[in-house]
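Trainee: Okay, here's what each chain looks like letter by letter:
2 protein chains.
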Amino acid sequence: MTNGKDKKDKTANKEHKEEKHSEKKIGITVKKSENFSEWYTQVCSEQGADLVDVRYGVAGFVVHKPWAFKILRRIYDLLDYEIEKDGHEPFLFPTVIPEENLIKEKEHAGFAPNVFWISHAGEEKLERRLALRPTGETAIYPMYALWIRSYKDLPLKRYQSRITVFRNEATTRPFMRGREFMFYETHDVFATHNEALAQIKTDMKIMNKVTYDTLKIPFIFFKRPKWDKFLGAVDTYASDTIMPDGKRNQCSSTHDLGHNFAKVYGVEFVDENGERKHGYQTCFGPGIYRIMAALISIHGDDNGLILPTAVAPIHIIIIPITFSGKPDVNEKVIKKCKEVEELIKKTTYSVKVDFDEGTPGYKYNKWELFGVPFRIEIGPRESESDEVTIVNRITKEKKKLNLKKVEMELNQYAEEHEKLLKKRADEYFKGNTKEASTLKEVKKIIEEHRGFIMAPFCSMEHEGEKCADKLKAETQGGDVLGVKFENAEAPKKGQKCIICGKEAKHIVYIAKSY
Amino acid sequence: MTNGKDKKDKTANKEHKEEKHSEKKIGITVKKSENFSEWYTQVCSEQGADLVDVRYGVAGFVVHKPWAFKILRRIYDLLDYEIEKDGHEPFLFPTVIPEENLIKEKEHAGFAPNVFWISHAGEEKLERRLALRPTGETAIYPMYALWIRSYKDLPLKRYQSRITVFRNEATTRPFMRGREFMFYETHDVFATHNEALAQIKTDMKIMNKVTYDTLKIPFIFFKRPKWDKFLGAVDTYASDTIMPDGKRNQCSSTHDLGHNFAKVYGVEFVDENGERKHGYQTCFGPGIYRIMAALISIHGDDNGLILPTAVAPIHIIIIPITFSGKPDVNEKVIKKCKEVEELIKKTTYSVKVDFDEGTPGYKYNKWELFGVPFRIEIGPRESESDEVTIVNRITKEKKKLNLKKVEMELNQYAEEHEKLLKKRADEYFKGNTKEASTLKEVKKIIEEHRGFIMAPFCSMEHEGEKCADKLKAETQGGDVLGVKFENAEAPKKGQKCIICGKEAKHIVYIAKSY
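Here the protein sequences line up with chains A and V, keeping their order.
Numbering follows the numbering used here, in which position 108 of the first sequence is assigned residue number 108; successive positions increment by one, without gaps.
Positions in the second sequence are counted from 1; adding 514 to them yields the numbering used here.
A couple of the hints might just be wrong.
[Said to hold, decoys possible] When the alpha-carbon atoms are kept at most 30 angstroms apart in a straight line, the in silico BS3-like pairs for lysine-lysine are as follows:
no., chain 1, residue 1, chain 2, residue 2
1, A, LYS152, V, LYS846
2, A, LYS157, V, LYS584
3, V, LYS860, A, LYS209
4, V, LYS719, A, LYS85
5, V, LYS599, A, LYS335
6, A, LYS70, V, LYS599
7, V, LYS538, A, LYS24
8, V, LYS866, A, LYS201
9, A, LYS157, V, LYS852
10, V, LYS599, A, LYS345
11, A, LYS345, V, LYS740
12, V, LYS539, A, LYS157
13, V, LYS584, A, LYS70
14, A, LYS338, V, LYS666
15, V, LYS671, A, LYS70
16, A, LYS338, V, LYS671
17, V, LYS539, A, LYS263
18, V, LYS639, A, LYS85
19, A, LYS70, V, LYS719
20, V, LYS539, A, LYS277
21, V, LYS584, A, LYS345
22, A, LYS205, V, LYS860
23, V, LYS849, A, LYS152
24, A, LYS345, V, LYS719
25, V, LYS846, A, LYS209
26, V, LYS723, A, LYS338
27, A, LYS70, V, LYS538
28, V, LYS639, A, LYS104
29, A, LYS152, V, LYS859
30, A, LYS152, V, LYS866
31, A, LYS157, V, LYS538
32, A, LYS346, V, LYS859
None of these hints come from the bench; they were simulated from the model.
Please work from the sequences and hints to get the whole structure.
Mentor: Spelled out as structure tokens, the structure:
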């Protein structure tokens, strides 16, 4: 490991000489079930899937390395496709926001204490400070005020993708919380509130398609309690999944902004009758970072990542099994590897042969850490056969791949991989959602890290906040996530709020958060 | 136009009412050949191809609107494809750079007076200032020092794409110079200088493939004079094209960094013999913004943009020609439009029917402004035929498209479009490259805005700078661009430097710059 290496150290030269022909130390040394936090750190690091480098030198700012970047880019692409299919057009706004715009909406101004401020250009002090965007609303809506004139300009549906935003978070963690993090935002304006609410349902469907159908990350879409809405929103809806330590991970949020921002920034239109009205606004943020964190954590196992085919940068890694002192045999093996690679390149699967130095065993471990769905092993026997050995990342089962039916068989294996990934995630999610009727039960479950807890609760309006605060204190951090957005469970007759004992109006979900 | 509109103005309501059913005013009111600067401004604005909005409210920071963003995204994709094929892996670095890293390389520290500085997080003053990256070297190379250990780690070839960088430019212009602008950078490390030089040739080939072969933007790849190299580089190579006002537009640069940065940031490796050495570094920056500016300016005509098929967000726009009071006929027209759209969707061409309100004439103008390569017109006659009318954006010629051979014929028309685009650009480029033997000739050509001028010159080393300064003064801004990187012209026997009269060592290219 290069960690902490001092470049000026004269002994380093010697150390390098010795290590020159040795393999880089890789592998995860803890079990995910026993020490999730350490497991996660290791998976993200060079000894794991080499996803990020946290040694950039500015706390909370990390380098995204190629393997992570390729996965993240695919998540962006999946979302872009759905978002554009839903009628959104892409744009790109400046990274900086003038201070007066950032704080114009009084609730939203709550972001100000956590933004980074640009004060100077060179040695010259700026007339007014510029914020690095913590999110896009206050950059974008003043322009919407210029762009929207008549009802014919509505709905206006735009998004920006592959951008980063900046918040001065107290604690940071790769893909969970960063001072600069990858972001995605749609910003829509409608003539009516009904259209805005319909968009929120569409946002939910897009999340479902990308995150659950494609990436196999189960989640519940909640309506958040009023005390936990986005700064400036009327209502916030959000999807939460359960992490291996039982905590909820918010994977997206979508906000009903009502007229709140429209009134402040002048987002207005003239309707069919010539009357000037405010637009109803929504914004949707699939949490690129949080989806990545869920992907790593929920699917991964003690050997590293496990990737769904939709985002795996490589679907199939081919490992040549060669033997020293057998150049003729090895030549055949290498030839066969290249043949199989060419064969697979003609299919929809991405493939690579690992011709690097290193033992087959080292390579197996490496590509398991990286989560590549399949590995093909080609040794002397396979080099003369129409069948090669294929190993699935989840099951580690060795199966045969008939090279004469390669696409058909790969389709079948890939389908099994996807099904199994979904099954594991679904079982895990279902198994970690429990019901409780009393605070005592909630506390017991939370202590055992059991994910979501359903419980009767008094109110989702502001008057419920006191109970939520008490719940949080009693459970060392249990939050009221909200009620299900669709098919919300109703309390049974006579069920009482687990905190105040008043009649329960809702079955809420409770979990600890990051 | 909404420009300068006062939202609080009570008369605005009335104005809106009147304009409600009228069309937005579009169109370019000047000729490109007569007033390029104004033509460019109009093409970029809402009355043109609606590429940017300059009213963001922070000088030099613009909003990239959907049409521009989609074109830019395709330019990025074209580059990503070639850059990855050449073995580069993508990564993403933080946007911020600690001050001590930015200024560590003494020449490169010349960027410091033009960077934006982050001083505070919330109300808390940062211990050390952070710069918004003006370019990536000083962010990236300290990490390379950690990542590279042995010769086996080389070559290291990485890139970042779809990012922005920040420089406090005095004057700005959409896609030419911005305080935040779209950026692309590769950063490579090699064991030997020869490999580094070979990479520079490869970078040139990639530029040639994307910018010339695909986007039909002719350019010359120069070796820059020593006095015009990148801050911290040993040598700079760059591609320049000619803009309609005769000025050169630098579309890419690639730098031979030698050991300059490696020594400062400790980018070292242990070679086969166990010896510690510095890496040879190169970096390559295709100028996304400048390529876009060239695309707009070189291909565009008095009616707006003209797009190559490789980056056109829409290849074919279908315009229904309907008549008021003829609902039966119109229904057939609309049906036919949808049929043709479905037919074309099965090909490799992207298509859209413009069903918006507005006359066909308005729509013709609009999509010509946007540079869509082909328009199909479908009226009552076409609605009952297997042939429709297709019009090319460059020639405006009306031709027939046989719907029974749609893909084949579209291929043919597209090929013609590409050929013509290339021919126009080549002729323009060639026609604006002149030779001169004396300063007087140079001055005469420069006054007439004739693009590149080839002339004999004394030296590309630092001793030539005095002559370059004098040339600039004498010609009100003529710069020595350098000598051709490959197949550089040699001075004839006895030719003298146009400034100092000493024997000429080079034929240099001269042009004014932005």
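Trainee: Would the pair LYS539 (chain V) and LYS263 (chain A) pass a check requiring their Cα atoms to be no farther apart than 30 angstroms?
Mentor: holds (28 angstroms)
Trainee: Would the pair LYS866 (chain V) and LYS201 (chain A) pass a check requiring their Cα atoms to be no farther apart than 30 angstroms?
Mentor: holds (27 angstroms)
Trainee: Please work out if LYS846 (chain V) and LYS209 (chain A) have their alpha carbons no farther apart than 30 angstroms.
Mentor: With Cα atoms ~36 angstroms apart, LYS846 (chain V) and LYS209 (chain A) exceed 30 angstroms; violated.
Trainee: If you draw a straight line from the CA of LYS538 (chain V) to the CA of LYS24 (chain A), is it 30 angstroms or shorter?
Mentor: violated (63 angstroms)
Trainee: Is it true that the CA of LYS719 (chain V) sits at most 30 angstroms from the CA of LYS85 (chain A)?
Mentor: violated (36 angstroms)
Trainee: Check the hint pairing LYS157 (chain A) with LYS584 (chain V) against an upper bound of 30 angstroms on the C-alpha distance.
Mentor: holds (15 angstroms)
Trainee: Holds or violated: LYS338 (chain A) with LYS666 (chain V), Cα cutoff 30 angstroms?
Mentor: The hint holds at about 22 angstroms.
Trainee: Does LYS85 (chain A) lie within 30 angstroms of LYS639 (chain V) when you go C-alpha to C-alpha?
Mentor: Roughly 44 angstroms separates the two Cα atoms, so the pair is violated.
Trainee: Going straight from one Cα to the other, do LYS70 (chain A) and LYS538 (chain V) come out at no more than 30 angstroms?
Mentor: violated (42 angstroms)
Trainee: Is the Cα-Cα distance between LYS584 (chain V) and LYS345 (chain A) 30 angstroms or less?
Mentor: holds (29 angstroms)
Trainee: Quickly compare the C-alpha distance for LYS639 (chain V) and LYS104 (chain A) to 30 angstroms and report which way the hint goes.
Mentor: holds (23 angstroms)
Trainee: For the pair we were handed, LYS152 (chain A) and LYS859 (chain V), check the Cα-Cα distance against 30 angstroms.
Mentor: Holds, at roughly 27 angstroms.
Checked against the numbered hints given earlier, this structure breaks hints 4, 7, 11, 18, 25, 27; the rest are met.
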